[in-house]
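**Q** Below are the chains, spelled out letter by letter.
Protein chains: 2
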Amino acid sequence: MQETAEITDKRLLRGARTRGIVLRRAVDLASLEGLDHLSFGRLAGDTGLSKAGIQTLFRTKEALQLATVGFAREMFVDAVVRPAASAPRGLRRLSALLDRWAEYAEAPLFAGGCFWAANLAGFDSKAGPVRDALFRDQREWRETLASELRYAVAAGEIAALDIDLAAFQIDALLSAANTALRTGDDDVVDKVRRIIDGSLTVRG
Amino acid sequence: MQETAEITDKRLLRGARTRGIVLRRAVDLASLEGLDHLSFGRLAGDTGLSKAGIQTLFRTKEALQLATVGFAREMFVDAVVRPAASAPRGLRRLSALLDRWAEYAEAPLFAGGCFWAANLAGFDSKAGPVRDALFRDQREWRETLASELRYAVAAGEIAALDIDLAAFQIDALLSAANTALRTGDDDVVDKVRRIIDGSLTVRG
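These protein sequence lines are chains A and B, in that order. Take any residue in the first sequence, note its place counting from 1, add 498, and you have its number in my numbering. Take any residue in the second sequence, note its place counting from 1, add 498, and you have its number in my numbering.
Read the hints as simulated data drawn from the structure, not as lab findings. These numbers come from a predicted model, not from an experiment. Treat the hints loosely; a few may be bogus.
Where chains are identical, the list cannot tell them apart; a pair therefore holds if satisfied intra-copy or between any two copies.
SDA-like cross-link-like pairs, simulated, lysine to any residue; straight-line CA separation at most 25 Å [to be verified]: (1) Lys-624 to Arg-540; (2) Lys-689 to Glu-641; (3) Lys-689 to Ile-656; (4) Lys-624 to Ala-600; (5) Lys-624 to Glu-501; (6) Lys-624 to Asp-685; (7) Lys-508 to Lys-549; (8) Lys-508 to Gly-518; (9) Lys-559 to Arg-509; (10) Lys-689 to Asp-660; (11) Lys-624 to Thr-545; (12) Lys-689 to Ala-625; (13) Lys-689 to Arg-634; (14) Lys-689 to Arg-629; (15) Lys-689 to Leu-607.
Build out the structure end to end from the sequences listed, making use of the hints.
**A** This is the structure in structure tokens:
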């Protein structure tokens, strides 16, 4: 019994490792070429793992796409949202989120830059669970920004404003900056930061 | 000799017609699924024309993609830029451009909404002539907006502002509005219009 349990543990561990290797490559590919271009064959070729093994893990292309979106979301939260959580709530945390986002896009975390900028527009006409997952992430990110704006207004740090509209606007500017960054406009993130800071009236 | 000329004319005419039919379908497809998903076979199936005939006209997939971008640009200019040119220059023409753009995205002119919003982010990591054409169009559109902003400032209609940054910002908001429209947010264009109008201080 114990031996069987050990074998099962080892199998699970190997499955989890394979999954991680495949998904790490998948998020890069999807940020460069879009989630539509993911395939078991391509990922097998890129990672050196067997196509049959990858297919057994994910079963369908849609399941692979959904797992890729989930993996990208975890990486984004680890790189942008979680580090900013150590800043005090309100304007300072919003500022920390924007600083981390700038690093995320400039470094970049994914080979092709922002994962959602690369995929949202391509999936906006394709109803289904992949589109739903991408837009759920976008709503969550806008709500993360809105939450700090709301706090900043309540604390008297900035003048009252239409919170949801301001979050929409910040997100729109970051997406456009990401695209411009990819084509060599290195100053664009600073420019966008100036627009955002300028749009928030700081209470004296 | 005359008969030969007539045959050539008819052939050219037939070629031009076929080209128009294929490209009208191609811009819709590319707005829905992206330029990457264009293929001679798919277009033949959708239009009822022969695959060999379409291939003879365009030769390569890249040439087909470039012709599709050019066709989309002409349709955009006809639907948005040209009609607005009857408005007086400055703030009124800018307003006419934004009205026409709203119709362009809401009607929509292309089955999947804004052609550039659907394709720019997907091509931003793919160096080559297709990316260049898409980004040239984006620059031209931003410059169209910038030109009216510049005029409005010079004419004292609005307060001085960073023209290029303002054009970047308007374009970013329109792109984000296009994506939100596709997923059922029908009020988003009005919301974005309020942001833009609010950002331009009208001289009293």
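**Q** For each hint, tell me whether it holds in the structure or not.
**A** Hints, verified against the model:
{"no.": "1", "hint": "Lys-624 to Arg-540", "in the structure": "both (23 Å within a copy, 18 Å between copies)"}
{"no.": "2", "hint": "Lys-689 to Glu-641", "in the structure": "both (23 Å within a copy, 17 Å between copies)"}
{"no.": "3", "hint": "Lys-689 to Ile-656", "in the structure": "both (21 Å within a copy, 21 Å between copies)"}
{"no.": "4", "hint": "Lys-624 to Ala-600", "in the structure": "between (29 Å within a copy, 22 Å between copies)"}
{"no.": "5", "hint": "Lys-624 to Glu-501", "in the structure": "neither (47 Å within a copy, 51 Å between copies)"}
{"no.": "6", "hint": "Lys-624 to Asp-685", "in the structure": "between (33 Å within a copy, 20 Å between copies)"}
{"no.": "7", "hint": "Lys-508 to Lys-549", "in the structure": "within (20 Å within a copy, 52 Å between copies)"}
{"no.": "8", "hint": "Lys-508 to Gly-518", "in the structure": "within (15 Å within a copy, 60 Å between copies)"}
{"no.": "9", "hint": "Lys-559 to Arg-509", "in the structure": "within (23 Å within a copy, 44 Å between copies)"}
{"no.": "10", "hint": "Lys-689 to Asp-660", "in the structure": "both (22 Å within a copy, 10 Å between copies)"}
{"no.": "11", "hint": "Lys-624 to Thr-545", "in the structure": "between (29 Å within a copy, 22 Å between copies)"}
{"no.": "12", "hint": "Lys-689 to Ala-625", "in the structure": "between (34 Å within a copy, 24 Å between copies)"}
{"no.": "13", "hint": "Lys-689 to Arg-634", "in the structure": "between (28 Å within a copy, 21 Å between copies)"}
{"no.": "14", "hint": "Lys-689 to Arg-629", "in the structure": "between (30 Å within a copy, 23 Å between copies)"}
{"no.": "15", "hint": "Lys-689 to Leu-607", "in the structure": "within (21 Å within a copy, 32 Å between copies)"}
In this structure, the one hint that does not hold is number 5.
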